[in-house]
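Sequences are here, hints too, so could you generate the full structure?
Listed in order, the protein sequences are those of chains A and B. Quick note on numbering that gives the first Met the number 0: the first sequence kicks off at 0 and runs consecutively. Quick note on numbering that gives the first Met the number 0: the second sequence kicks off at 0 and runs consecutively.
Honestly, the hints are just simulated from the structure, not real lab data. Heads up, a few of these hints could be off.
To be verified - Listed next, the in silico DSBU-like pairs over lysine-lysine satisfying Cα-Cα at most 30 Å (straight line):
1. B:K99 with B:K113
2. A:K193 with B:K132
3. A:K73 with B:K19
Everything numeric in this text was worked out from a predicted model, so none of it was measured.
Residue-level listing of the chains:
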Amino acid sequence: MTNLGMTECDRNAKQDALITDLKNKESSDFVVENLFLSCDLAMSTLKRVTQWQAFSRVWHLYDAKWQNPFDSAKLIIKHLQGLHKPFYHPMSDCGDMVVVTNTKDIALPGDEWKKRVYFHHTGYPGGASWTLAWELHEKDPTMIVKKAVYTGMDGNLQRRYTMQRLLLFPDDQVPDDIMENITNQIRAPRPVPKMMTEYPEDLMKSFPRVSQFPKDFVLK
Amino acid sequence: MVFQSVALMIRSKGPDEFWKKRRIFKLAAHYVGRRRNCYSIAIRNVHRALAYATTGRKLKKEDMVELWKTRISGASEEHGLPYKHLNEGLHRSSILLNKKTLADLAIWEPFSFKALTQIAWTKMREDGDADAKAIDAVPPNNVFTGSSK
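Written out as structure tokens, the structure reads:
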């Protein structure tokens, strides 16, 4: 189909031939060839829409209940920056939105509640302060997850904008205008065990006991 | 006062000097300020830039490999298989595609890439790899890797 290397006369002759071809017999080959030609010239509608969909922001939901915030941060960062997409590039804006719920129920490993210290400086002399993780969590139950995500990312100009795509909620009360956008849930790495209080009363009563308490035993 | 006479020619070191400097100034043409106008400053910066360019040629390749790795692992984890298992499984199946090709397949031929992940995954499971078996999900049972099992 290429016109390269043709003389003017050749081109005219070919054009005439094509026109007569179309007029006379409406050859299906000609229509198919032209279809391919138009695909080459411009991006087809299908491809255009595919690209829009690929680069649209997906809203992910992450339930932080009983999860390690530092392990969670790795997973959240991956989705915030778009690292989970095959067409990721650090300079293309392909990151997603992540909504994190139940941040008040996070589980820090070991004795980190007591040992982990968050540093803050007001900028004034003597303005340094050190806050323990449990104190910070009492002040703002979303702060530990937020800081875990923030420090988990490389410090560059994009970091603050990436953080804007992270929405944190202390409990499962998420506004409807945010909830309606969510189309995916990120699987939490740890299984959430059921608490004793969540089992029905009759099931607990009927559960087989290995031994009975002595009659004179006083339960606390 | 500007002397536009033979006196000027005394300081000129001749045509060779002119062309030598011109060659450097052309490389410094896009710099700002005295870095592009003064030869002694321009030559310093051009030398530094050429040194950076030399290391940059190597770094560029490393950066691309890192990007392909990120892309492949992203695409592979979409199908539930970590990158290391994909890599290992493909090698064991004698599918010797390089990272560039795999990354391109992941973008432009997603179904072919999915098939590759399933072959690698099945192969790893057939070989009895403990890590691959520890993954919650399993590949479909109609994938054939060509081994006797």
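Structure-based check of each hint:
1. B:K99 with B:K113: holds (16 Å)
2. A:K193 with B:K132: holds (26 Å)
3. A:K73 with B:K19: The hint is violated at about 54 Å.
Figure legend: structure checked against the earlier numbered hints; the only hint not met is number 3.
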